[in-house]
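S.K.: Could you put together the complete structure from these sequences and hints?
Here the protein sequences line up with chains U and E, keeping their order.
All the letters of the first sequence, read from the start, carry residue numbers 1 to 253 under my numbering.
All the letters of the second sequence, read from the start, carry residue numbers 1001 to 1312 under my numbering.
Treat the hints with care, as some may be off.
Claimed, not checked - Using C-beta positions, here's what the derived DEER-type ranges look like:
#, chain 1, residue 1, chain 2, residue 2, range
1, E, N1022, U, P177, 50 to 60 Å
2, U, Q23, E, V1013, 40 to 50 Å
3, U, K11, E, A1075, 23 to 33 Å
4, E, A1075, U, M173, 41 to 51 Å
5, E, H1192, U, K11, 52 to 62 Å
6, E, W1125, U, F201, 55 to 65 Å
7, U, G240, E, P1039, 36 to 46 Å
None of these hints come from the bench; they were simulated from the model.
Note that the structure is predicted; figures quoted are calculated from it, not measured.
We put the beta carbon where it would ideally sit given N, CA and C, even for glycine.
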Amino acid sequence: MNFYAVRAIYKFEMARTWRTLMQSIASPVLSTSLYFIVFGSAIGSRMVAIDGVEYGAFIIPGLVMFTLLTQSISNASFGIYFPRFAGTIYELLSAPVSFVEILMGYVGAAATKSIIVGALILVTARFFVDYHIEHPIWMLSFLVLTSITFSLFGFIIGIWADGFEKLQLIPLMVVTPLAFLGGSFYSINMLPPLWQTITLFNPVVYLISGFRWSFYGVADVNVAVSLAMTALFLILCLLGVWWIFKTGYRLKT
Amino acid sequence: MQPVISVRNLSKVYEGGFQALNNINLDIQRGEIFALLGPNGAGKTTLISIICGIVNPSAGQVLADGFDVVKDYRAARSIIGLVPQELSTDSFESVWSTVAFSRGLFGKPRNDAHIEKVLRDLSLWDKRHNRIMELSGGMKRRVLIAKALSHEPGILFLDEPTAGVDVELRRDMWEMVRELRQQGVTIILTTHYIEEAEEMADRIGVINKGEIVVVDEKKALMQKLGKKQLTLYLQQPLTAIPAPLQSYPLSLSEDGNTLTFTFDVQSETTGIAQVLRELNNNGIDFRDLHSSESSLEEIFVNLVRGNREARP
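M.R.: As structure tokens, this is what we get:
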């Protein structure tokens, strides 16, 4: 195992985060704070409690999860896309590193950044809403698992994209709508039966539901199903990355 | 002695069917400076890219210090440094951090003293805190060399190292390459500048249309394929070459004032004495003479042209 390489990639990626602090950390924290002000404090005060949880507190897991998804994808996709764009990928391809080590460096850094942002959002939320975490270990597990899974997904997007537009395409056109419709701001039990069934095809539902359960002990779907779906997506992403490195797709000619 | 790089039956066909390399066989000896010459699209960069792991081969095998570059890629790549043709740099990083990154990437522990030495040797020490985007093209080229040297490679590939750099920097780089060779580093460079190969290389390989046309010692190549010419400046112009001299490879200038005699360097007898004797016998006097030898550039052009004409 080339630990020096893993550390070099990880440090390199994290250095970019500190260099672009406003964009990497301050910006997502600010935008999520705005959600808390608008939906949590302003509108939330006029909403009824859902499953016994105040609306302001109810949206916290969904908002954290939404930020985790978008941040993980964007951090990891940009991290691997930029060397391809700038041409510096030659160094990575000619270095004595395996794909596992490359993943540990890039995905590890992207997931770390997402977890930092997620933690900061939780801290920020405390200023607007009172909430509690019923299962902190599970909350942390969902946080880490989701960050890693979607950083892997972002890595795949960063390899697939051949332009900055494509880099933004999946996060904006697919992930954001799925997160909004996946129960970030409401319980899917509030939907008509047909839409409840349709919503179950949205994978983000399981992530948000499981994460919310770790906070308040209430969930739209069984927590074991949530965990299984997250693990399944993780395995699919790992298989995708394995295939990319095996075939050299978009990396090697 | 076992070659440090051994290329066997290497071929590369890109998607779309373009054959970039066709059954290449090549050995690079330890500690030598090997220049790979060839016109644009000849396959130089593809060959280097396969050895370094950037491009997958279609067939054949490459060993670096005895390690298969595909199967034992860790061992093979850890001893290779590559300076690419393109100025591909991390624009927003500082010189120091990008060079330190390269060392870690190639599996070497942190060694600030070594990085300092590399930066000083390349006149980059004063720029170590500068972001790469603030540097000139020549300085960026130095940064790429520093990155390639950061992990103390035993084999260094320089792909067009002096493309677009000024004369002074080019001379500096030649000096640096010689110093590296003295330290035991094997250097393989591709270049368009024949002068560069002529100045530095121990051996030269010429590649054209994906095939190795010739590989030889620089001196031997120049001797084997080079031509010498003796130019005679005549006292009185001639209208034609006299009959007794027509059997010699002589050419007369349009104004009839100069006779040029061309001969092979490797011939046992050059024929100069006979030509001069015949000139004297025919009463042709000359006021001056000048001899010249083919440059590597002329040899290269002839080789590539010959290879082109030999193939449909």
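S.K.: Which hint numbers doesn't this structure obey?
M.R.: Hint 5 is the one this structure does not satisfy, whereas the remaining hints hold.
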